[in-house]
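2 protein chains.
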Amino acid sequence: MFIKGNFLFTPSRHELTIRENQYAHIENGVVTGFMTDLPETTGPETVVDYNQDIIIPAFVDLHIHAPQYINRGLGFDEELLPWLEHYTFPAEGKFAAPVFARRVYTAFLKRLQAEGTLCFSAFATIHKESTWQLMELAETMGFKAYIGKVNMDRNAPDYLLEDTDRSLADTEELAVRCREALHKVRFIATPRFVPSTTEKLMTGLGRLCETYDLPVQSHLSENRNEVAWVKELHPDLPSYTAVYDTFGLLRPEKTIMAHAIYLSDEEKRLLRDKGVYLAHCAQSNANLTSGIMPLRRNLENGLTCTIASDVAAGHTPAMNKQIALTIEISKLYSLKHDREKALTIGEGLYLATKGPGRFYGQTGSFEKGYAFDALVIHMDDIEGLERTPFEKLQQFIYDGDDRNIIARYVDGVSR
Amino acid sequence: MFIKGNFLFTPSRHELTIRENQYAHIENGVVTGFMTDLPETTGPETVVDYNQDIIIPAFVDLHIHAPQYINRGLGFDEELLPWLEHYTFPAEGKFAAPVFARRVYTAFLKRLQAEGTLCFSAFATIHKESTWQLMELAETMGFKAYIGKVNMDRNAPDYLLEDTDRSLADTEELAVRCREALHKVRFIATPRFVPSTTEKLMTGLGRLCETYDLPVQSHLSENRNEVAWVKELHPDLPSYTAVYDTFGLLRPEKTIMAHAIYLSDEEKRLLRDKGVYLAHCAQSNANLTSGIMPLRRNLENGLTCTIASDVAAGHTPAMNKQIALTIEISKLYSLKHDREKALTIGEGLYLATKGPGRFYGQTGSFEKGYAFDALVIHMDDIEGLERTPFEKLQQFIYDGDDRNIIARYVDGVSR
Chain X
1 MFIKGNFLFT
11 PSRHELTIRE
21 NQYAHIENGV
31 VTGFMTDLPE
41 TTGPETVVDY
51 NQDIIIPAFV
61 DLHIHAPQYI
71 NRGLGFDEEL
81 LPWLEHYTFP
91 AEGKFAAPVF
101 ARRVYTAFLK
111 RLQAEGTLCF
121 SAFATIHKES
131 TWQLMELAET
141 MGFKAYIGKV
151 NMDRNAPDYL
161 LEDTDRSLAD
171 TEELAVRCRE
181 ALHKVRFIAT
191 PRFVPSTTEK
201 LMTGLGRLCE
211 TYDLPVQSHL
221 SENRNEVAWV
231 KELHPDLPSY
241 TAVYDTFGLL
251 RPEKTIMAHA
261 IYLSDEEKRL
271 LRDKGVYLAH
281 CAQSNANLTS
291 GIMPLRRNLE
301 NGLTCTIASD
311 VAAGHTPAMN
321 KQIALTIEIS
331 KLYSLKHDRE
341 KALTIGEGLY
351 LATKGPGRFY
361 GQTGSFEKGY
371 AFDALVIHMD
381 DIEGLERTPF
391 EKLQQFIYDG
401 DDRNIIARYV
411 DGVSR
Chain V
1 MFIKGNFLFT
11 PSRHELTIRE
21 NQYAHIENGV
31 VTGFMTDLPE
41 TTGPETVVDY
51 NQDIIIPAFV
61 DLHIHAPQYI
71 NRGLGFDEEL
81 LPWLEHYTFP
91 AEGKFAAPVF
101 ARRVYTAFLK
111 RLQAEGTLCF
121 SAFATIHKES
131 TWQLMELAET
141 MGFKAYIGKV
151 NMDRNAPDYL
161 LEDTDRSLAD
171 TEELAVRCRE
181 ALHKVRFIAT
191 PRFVPSTTEK
201 LMTGLGRLCE
211 TYDLPVQSHL
221 SENRNEVAWV
231 KELHPDLPSY
241 TAVYDTFGLL
251 RPEKTIMAHA
261 IYLSDEEKRL
271 LRDKGVYLAH
281 CAQSNANLTS
291 GIMPLRRNLE
301 NGLTCTIASD
311 VAAGHTPAMN
321 KQIALTIEIS
331 KLYSLKHDRE
341 KALTIGEGLY
351 LATKGPGRFY
361 GQTGSFEKGY
371 AFDALVIHMD
381 DIEGLERTPF
391 EKLQQFIYDG
401 DDRNIIARYV
411 DGVSR
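Protein chains in written order, with full-length UniProt numbering: chain X, 1 to 415; chain V, 1 to 415.
There may be inaccurate statements among the hints.
As the list makes no split between identical chains, a pair holds if one copy fits it or if it spans any two.
Claimed, not checked - With a Cα cut of at most 35 Å, we get these calculated DSBU-like pairs of lysine-lysine:
| # | residue 1 | residue 2 |
| --- | --- | --- |
| 1 | Lys231 | Lys110 |
| 2 | Lys341 | Lys128 |
| 3 | Lys94 | Lys4 |
| 4 | Lys231 | Lys274 |
| 5 | Lys4 | Lys200 |
| 6 | Lys200 | Lys368 |
| 7 | Lys4 | Lys128 |
| 8 | Lys231 | Lys94 |
| 9 | Lys200 | Lys341 |
| 10 | Lys200 | Lys110 |
| 11 | Lys4 | Lys336 |
| 12 | Lys184 | Lys341 |
| 13 | Lys368 | Lys128 |
| 14 | Lys110 | Lys4 |
| 15 | Lys336 | Lys184 |
| 16 | Lys94 | Lys341 |
| 17 | Lys336 | Lys274 |
| 18 | Lys200 | Lys336 |
| 19 | Lys200 | Lys184 |
| 20 | Lys336 | Lys368 |
| 21 | Lys184 | Lys4 |
| 22 | Lys128 | Lys268 |
| 23 | Lys94 | Lys184 |
No lab work stands behind these hints: they were computed from the structure.
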């Protein structure tokens, strides 16, 4: 198959490649290369021509809470810990009912698809059957996803508090069921965060990860009160990061930690050495008055950072809007920090496509060998004012929405 | 006419009134009161029932650049002065052609209407005929608006540099033409900013304002380099604010100054005493790395502040998104400033409705005597999860868009 249009993608954080008016050749869902003219021997292969539209890699969101989708925009008068207690936990409690869960998860996934997030890593809730609904639905709708059943056996309301052994057994069952039945959706171990998980639970999860070679996702150092609480709970361990590490939950190149705002240099070294993905959730961190991750310094120090929505503490799953907001906040941060370089559009795109895509595999770029996971974007031109592909990209990032995305591809198949 | 639904509005900055499931009575386009039941003698009056939907005052945006609409999202790698030179001035130059202007202004006004901004104050360009196109179009489409021809006679590229007398003559002509031909659209004096206007031009404008009792809009202290430049240009005047005041351009209760980030206490006193409207453009100020206005302190010191989009340095005209972003940025600001109270949802709504509405007249609230300028908003419910009117308002502010606005009223007439 050939796809024609204006392709924009980021082979590295420092490089925005623009292939204007070219043909991408796709074989078995994978990009094999670009050409400026169709080969004469094209034969019956499909050619889809998107004319002046731009084509970018589909977005990848490594931190999102599927059940909280119903709560987006609510409760932002609180900070993290009371927000969890007053808004998030009651909402997640409703997912004990799989019928309700299926209804919400269908709306959630339709929205992600509309906004162009075709690969993601999501928290579900503690509930096994509801989590399975989400996994099945995501597979059916063609997403590439990691999805985890949340583990919580301390400091939670009764209706979300798990028996430790049951929590581990349910986790194992889902990990196995997923491996057997699903293809593009994979299981990810999902301890909510240190205050919600006993040492016994963390130890058990560490073992399961080892046994099944599971990746891990959790939260780290989002809020100062949370950090102090972790210190109280684990006074003998040197840091919040060290708690996860102690229990085998910092799996090299297979771990996502959301937020990571308040970290010591020692913690940063550990996270860098383990190749942990730090999901930077700028909108969420503003909404809950959490703070601002020092993104530029983290990137320069070799930490792996990505842009993530963190719905519902982030209020929109739209990754173009998340990129715009992350750039804006990095500019305000730079004003207070010696005018360090703010994030650029190219960097923002990288941190929402190829950067996080590596966690899943070869997605998020159009280099040879990458899956053709793509969004075709149409921006209205005003007569007498034609825009370059790069200008169209900027206008989509800042002021586009799902209506501008006129086609979506996963592994070369239109979705 | 009776309108039934869930009404939310802000009689003051400290007060969010919610009238659930009530009837608003509208006579000659004006709210006369609310009731819980229809009077028995209603007779043939129209009753429109919006059921569970919420109804809020239409948004009022006191600072927006109509021609720059084509540039939203572009050039945000620059700060104010180079951004003007490289992006804004070339875009505004195109409006020498009234046909092009009409095309863009039509798209601009359609977008404002879609997003629920039904009252605004806009900069056009220096061009008389193109500005007139915008004024006529806005009148025809039913907007309440102040619209100004921009004045610039120094420090501009040739194609935007006006002869001073011509600039004044064109301004006067438009002010008169507007008064004679239009009803809801009014003329506003619009010196671009101090660096663009000679003392002679400012003096002339001040006189015109006096003669025709015109309001004024301009820019003030947006960026440190700009402030330093004004100091260089007017070394004998005590401050940027004082320059406007000296030339009669701080008209009491009739002046809008955008940005107002870097102000001395003396300037703030002057602005407060004159009742100047300070248009706080948080998104624009982030995009151009300008800074953050100390909103909470300004409000507490009795300054009149409003939330404005400043398209195209702000990338979206959607005022719900501007409210959300303003709250987010006020939270980040509070983290660095003794955790001063961040802006609330109710305050945000006030600063985008009744607060700026007062500049135009009785719009932006549903109190008795206010024009029924309103938006009807439908937020999708998920079965088994009904939301209160206040929750629907929050979800619209944070994650709604023009598709959620199912009806728009100006002076009680559906638009």
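Consistency of the hints with the structure:
1. Taking identical chains as interchangeable, the C-alpha atoms of Lys231 and Lys110 are never at most 35 Å apart, the minima being 40 Å within one chain and 55 Å between chains.
2. Taking the closest pair of Cα atoms, Lys341 and Lys128 never come within 35 Å of each other, the shortest separation being 45 Å inside a single copy and 41 Å across copies.
3. For a Cα distance limit of 35 Å, the shortest separation of Lys94 from Lys4 across copies, 32 Å, qualifies, whereas the shortest one inside one copy, 46 Å, does not.
4. For the identical chains of this complex, Lys231 and Lys274 are intra-copy neighbours only, at 22 Å inside a copy versus 53 Å across copies, given an alpha-carbon limit of 35 Å.
5. With identical chains, the CA atoms of Lys4 and Lys200 are never at most 35 Å apart, being 55 Å at best within one copy and 57 Å at best between copies.
6. Proximity of Lys200 and Lys368 under a CA criterion of 35 Å is satisfied in neither setting, with 45 Å inside one chain copy and 63 Å between copies.
7. Within a single copy, Lys4 and Lys128 get their C-alpha atoms no closer than 44 Å, and across copies no closer than 43 Å, so neither meets the 35 Å cut-off.
8. Taking the shortest alpha-carbon separations for Lys231 and Lys94, only the intra-copy value of 31 Å comes in at or below 35 Å, while the best inter-copy value is 61 Å.
9. For the homomeric pair Lys200 and Lys341, neither the shortest alpha-carbon distance inside one copy (44 Å) nor that between copies (41 Å) is at most 35 Å.
10. Proximity of Lys200 to Lys110 under the C-alpha cut-off of 35 Å is found in neither arrangement, the shortest distances being 37 Å within a copy and 60 Å between copies.
11. Taking the shortest alpha-carbon separations for Lys4 and Lys336, neither the intra-copy value of 44 Å nor the inter-copy value of 49 Å comes in at or below 35 Å.
12. Taking the closest pair of Cα atoms, Lys184 and Lys341 never come within 35 Å of each other, the shortest separation being 37 Å inside a single copy and 46 Å across copies.
13. For the identical chains of this complex, Lys368 and Lys128 are neighbours neither inside a copy (39 Å) nor across copies (54 Å), given an alpha-carbon limit of 35 Å.
14. When the C-alpha separation of Lys110 and Lys4 is checked against a cutoff of 35 Å, the pair qualifies both within a copy, at 27 Å, and between copies, at 32 Å.
15. In this assembly of identical chains, Lys336 and Lys184 lie within 35 Å of each other by CA distance neither inside one copy nor across copies; the values are 43 Å within and 44 Å between.
16. In this assembly of identical chains, the alpha carbons of Lys94 and Lys341 lie at most 35 Å apart only when taken from different copies (32 Å versus 44 Å within one copy).
17. For the identical chains of this complex, Lys336 and Lys274 are neighbours both inside a copy (30 Å) and across copies (32 Å), given an alpha-carbon limit of 35 Å.
18. For a Cα distance limit of 35 Å, the shortest separation of Lys200 from Lys336 qualifies neither inside one copy, at 43 Å, nor across copies, at 39 Å.
19. Proximity of Lys200 and Lys184 under a CA criterion of 35 Å is satisfied intra-copy only: 31 Å inside one chain copy versus 70 Å between copies.
20. For the homomeric pair Lys336 and Lys368, neither the shortest alpha-carbon distance inside one copy (41 Å) nor that between copies (46 Å) is at most 35 Å.
21. With identical chains, the CA atoms of Lys184 and Lys4 are at most 35 Å apart within one copy only, with a shortest distance of 27 Å there and 48 Å across copies.
22. For the identical chains of this complex, Lys128 and Lys268 are intra-copy neighbours only, at 34 Å inside a copy versus 59 Å across copies, given an alpha-carbon limit of 35 Å.
23. Proximity of Lys94 and Lys184 under a CA criterion of 35 Å is satisfied intra-copy only: 27 Å inside one chain copy versus 50 Å between copies.
Hints 1, 2, 5, 6, 7, 9, 10, 11, 12, 13, 15, 18, 20 from the earlier list are contradicted by this structure; the remaining hints agree with it.
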